[in-house]
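> We have chain U already, so just place chain S on it with the hints.
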Amino acid sequence: MNEEKDFYKLEKGIVLLKEKIDGLLLSEDPREREKIPPIKQKIEKKWEKIRPNLTPLHIVQIARHPKRPYTMDYLDYLTDDFMEMHGDRHAGDDPALVTGFGFYRGRTVAFIGHQKGRTTRQRIERNFGQPNPEGYRKALRVMKLAEKFGHPVVTLIDTPGAYPGIKAEEQGQAGAIAYNLKEISRLKIPMVNVVIGEGGSGGALAVGVGDAILMLEYSFYSVISPEGCAAILWKDQKATSQAALSLKMEAKDLMEMGIIEKIIPEPPGGAHIDFEQTFKNVDKTLNQVLKKLESKSPEKRLEERYKKFRKIGVFSEK
Amino acid sequence: MDYLWTRCNNCRRILYKQDIVSNNFVCPACNFHFRLTAIERLSILFDEGKYTLIDQDISPEDPLQFVDNKKYSKRLEENRKKTSLKDAVLNARGKMGGLDVVIAALDFNFMGGSMGSVVGEKITRAAELALKERLPLIIVSCSGGARMQEGVLSLMQLMKTSSAVALLDEAGLPYISVLVDPTTGGVTASFAMLGDINIAEPNALIGFAGPRVIEQTIKEKLPKGFQRSEFLLQHGMLDSVVDRKNLRSYLIRALRLFLNRPA
Numbered sequence: 006m007n008e009e010k011d012f013y014k015l016e017k018g019i020v021l022l023k024e025k026i027d028g029l030l031l032s033e034d035p036r037e038r039e040k041i042p043p044i045k046q047k048i049e050k051k052w053e054k055i056r057p058n059l060t061p062l063h064i065v066q067i068a069r070h071p072k073r074p075y076t077m078d079y080l081d082y083l084t085d086d087f088m089e090m091h092g093d094r095h096a097g098d099d100p101a102l103v104t105g106f107g108f109y110r111g112r113t114v115a116f117i118g119h120q121k122g123r124t125t126r127q128r129i130e131r132n133f134g135q136p137n138p139e140g141y142r143k144a145l146r147v148m149k150l151a152e153k154f155g156h157p158v159v160t161l162i163d164t165p166g167a168y169p170g171i172k173a174e175e176q177g178q179a180g181a182i183a184y185n186l187k188e189i190s191r192l193k194i195p196m197v198n199v200v201i202g203e204g205g206s207g208g209a210l211a212v213g214v215g216d217a218i219l220m221l222e223y224s225f226y227s228v229i230s231p232e233g234c235a236a237i238l239w240k241d242q243k244a245t246s247q248a249a250l251s252l253k254m255e256a257k258d259l260m261e262m263g264i265i266e267k268i269i270p271e272p273p274g275g276a277h278i279d280f281e282q283t284f285k286n287v288d289k290t291l292n293q294v295l296k297k298l299e300s301k302s303p304e305k306r307l308e309e310r311y312k313k314f315r316k317i318g319v320f321s322e323k
Numbered sequence: 011m012d013y014l015w016t017r018c019n020n021c022r023r024i025l026y027k028q029d030i031v032s033n034n035f036v037c038p039a040c041n042f043h044f045r046l047t048a049i050e051r052l053s054i055l056f057d058e059g060k061y062t063l064i065d066q067d068i069s070p071e072d073p074l075q076f077v078d079n080k081k082y083s084k085r086l087e088e089n090r091k092k093t094s095l096k097d098a099v100l101n102a103r104g105k106m107g108g109l110d111v112v113i114a115a116l117d118f119n120f121m122g123g124s125m126g127s128v129v130g131e132k133i134t135r136a137a138e139l140a141l142k143e144r145l146p147l148i149i150v151s152c153s154g155g156a157r158m159q160e161g162v163l164s165l166m167q168l169m170k171t172s173s174a175v176a177l178l179d180e181a182g183l184p185y186i187s188v189l190v191d192p193t194t195g196g197v198t199a200s201f202a203m204l205g206d207i208n209i210a211e212p213n214a215l216i217g218f219a220g221p222r223v224i225e226q227t228i229k230e231k232l233p234k235g236f237q238r239s240e241f242l243l244q245h246g247m248l249d250s251v252v253d254r255k256n257l258r259s260y261l262i263r264a265l266r267l268f269l270n271r272p273a
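Residue numbers (the working numbering), protein chains in the order written: chain U, 6 to 323; chain S, 11 to 273.
The hints are simulated quantities; they were obtained by calculation from the structure and are not laboratory data.
Every value quoted in this text rests on a predicted model; they were computed, and no experiment measured them.
Backbone N, C-alpha and C define an ideal beta-carbon position, used for all residues, glycine too.
Hints are supplied without guarantee of correctness; some may be wrong.
To be verified - With the C-beta cut set under 10 Å, the calculated list includes, among others, these residues of chain U facing chain S:
| hint | residue |
| --- | --- |
| 1 | S190 |
| 2 | R191 |
| 3 | G207 |
| 4 | V319 |
One chain only, chain U, in its complex shape (with noise of 0.2 Å):
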């Protein structure tokens, strides 16, 4: 497995036909946007080929990518008057953490995001979208908010994981996580998730799990990042990709584990090569799944979220 190549490699390729397309997008000659389809054909043609060899440490890069669309980019997209909420009312704000209400499709809904920052002083500020317990917490405080006035949520989901550090831990990283999955539990109002990138462990599962779970084509969502699995098992970082594999924590895994609703298609090339493409197949399947999740009164939307973690696990019983 040691030969596998990075994707950065894989899609030299493509990333230059996308540049070619920005460039064409920036010219003020209309006729020079009828050049985009051929081009566009020419790189759904390269993905053809480069799609069926994808390993999972391949979907694992794409899923990091570092020109990804992040949670503000579908903000933007998404809302009209996006309002942020900042702080948890306790020890602070946490920027890794994204939270707020916007109008979206005609209705108020709060979004609860991770923020991962495009440039260096960007990701350090946001802490690499890695939250501490005050991020969990302003996350549930807008939760709340949204109870209250009755507006769905929705998450999206990109974290390498909650922060491992020593004022998190003081703070109780832990009971913050744990709070949330037992107030998200019983939430009356609808709440949808979004997986956008990375699903890393405790981090993401902390805004990460409600009525309806949604992952983009090339995200993951797992117990632990392969790195670490490799760390702890094979305590050989060699075995990154092999445990990549092991730990089965595609979309399309999920699907088959019953634990997401829909897997949301990415363009050719993957999300990062058309914004636009992949905010209206976020948009397209939220709508959907948002429609049929206000139809129901809250009683059964909370009958149906307690149903639908009790029956996750495989066991024999005799």
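Relative to chain U, chain S alone:
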């Protein structure tokens, strides 16, 4: 414990084994709390050490066909032989101070007390039984966290178990969480931190991330006593740190207070 004499893991003193056993597996010299099996735990908690095991027919599977340096199915078999347990938790019911209770006790000897589908299911069943029969629930946690070999199925047990103990809130039934050395990862990030009261044995390692992971992340040495019971008490995460010899009486007192049942 096959020999007559043993050395304390903490103070290194050579001790007569029977002295440790009759002292609830606590070092008579330095108060070091030896790790208990689930069976030992249940027998020191229930009245006269008498209880009935429940949910005994549930066994783990290997849903991901997981292979690291060893097959998961092989690991399970080895752990079964080593511990005579089917998985890392025992559920039991019986009396404490004359009160009917349900207790689930995790066993670190079975794959580090890790939570996969079976642990998640049994914790959930213990909570559901408590709800159905209107009994208080006690969970004694001792676990390295979620079981990697069952992948995301293990991760989802965090939500499953947290949802189950949430039911007891609405029903007005007590749930007491007892954390013993060590309780980390996904177990701390779910039911173990969700007790109406959370208590711990002295000097137990309790945290979300393991100390090694934190050290590697921040590239600093961790302060002394970090992530130990007393540290958590100081930071408001626990109600009390209770010596093992007082644990049973502490639990009975708390249950009596919550249930308004004076002795």
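> None of the hints should be skipped; say for each whether it holds.
Checked hints:
{"no.": "1", "hint": "S190", "verdict": "4 Å, holds"}
{"no.": "2", "hint": "R191", "verdict": "6 Å, holds"}
{"no.": "3", "hint": "G207", "verdict": "4 Å, holds"}
{"no.": "4", "hint": "V319", "verdict": "4 Å, holds"}
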